[in-house]
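Residues per chain, in single letters:
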Amino acid sequence: SAVISQKPSRDICQRGTSLTIQCQVDSQVTMMFWYRQQPGQSLTLIATANQGSEATYESGFVIDKFPISRPNLTFSTLTVSNMSPEDSSIYLCSMASGTNTGELFFGEGSRLTVL
Amino acid sequence: AQSVSQHNHHVILSEAASLELGCNYSYGGTVNLFWYVQYPGQHLQLLLKYFSGDPLVKGIKGFEAEFIKSKFSFNLRKPSVQWSDTAEYFCAVNAEFNKFYFGSGTKLNVKP
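So the sequence lines, in the order shown, correspond to chains A and B.
Residue numbers are given in this note's numbering: position 64 of the first sequence equals residue 65, and the series is strictly consecutive.
Residue numbers are given in this note's numbering: position 108 of the second sequence equals residue 136, and the series is strictly consecutive.
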């Protein structure tokens with residue numbers, strides 16, 4: 002199975018600042034995704050990170066708030082911009098294996114607390 | 029939009045008790061179904077999956093799940109839980125190309 006590394010693993014941030022989360026996969030993958038897991042809630046898909054083009058955002062998420070980069074097939078970043086306490090959450094990088102019936106592999110997540 | 033419902037948010041069992049966690053989804057087409065588990069301090073990992081064929085699927089660590097199409101359900105079961113099964117369990121549905129929708133999770137606490 003793939004190994005996905007995320008950093009930072011956790012951070013405490015001030016309101017109004019931005020933070021970039023990095024995701025590194027140990028093999029080339031086609032599909033990379035960013036999820037958010039708010040306290041006591043389910044995992045919610047933020048966007049699909051597309052290599053060489055703009056990310057595809059889910060309803061309720063916009064590029065200005067969550068800009069995503071994917072410069073190559075093994076790396077992606079998610080920035081949480083102009084943070085507020087409501088952005089306190091765990092952000093998860095994931096990748097899909099093979100075809101659309103494949104499973105998802107997850108990083109260990111980045112726990113952000115916004116004061 | 030698809031939705032996934034997990035009925036039990038927090039379950040407490042004694043060791044050797046039987047476990048059943050409910051999962052229902054709303055999607056009328058063909059789906060792939062998954063259960064993921066997150067042990068304390070670890071990342072999410074796949075427990076079992078259903079794509080097609082036998083609706084009773086077996087996963088790791090003695091877990092199994094049954095797909096009942098008429099009920100839009102994919103319940104997770106284990107005949108006898110162990111303390112090491114203490115974790116959070118997520119049901120997930122894949123109804124579009126690599127878009128996974130997750131339930132809200134069930135925290136299982138097994139008392140030794």
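Honestly, the hints are just simulated from the structure, not real lab data.
Even glycine gets a Cβ: it sits at the ideal position worked out from N, Cα and C.
One or more of the hints may lead you astray.
[Said to hold, decoys possible] Example chain B residues on the side facing chain A (calculated, C-beta under 10 Å, incomplete): (1) Val32; (2) Ile40; (3) Gln70; (4) Leu74; (5) Ser98; (6) Phe100.
List in ascending order the numbers of the hints, as given earlier, that are violated by the structure. 2, 5, 6
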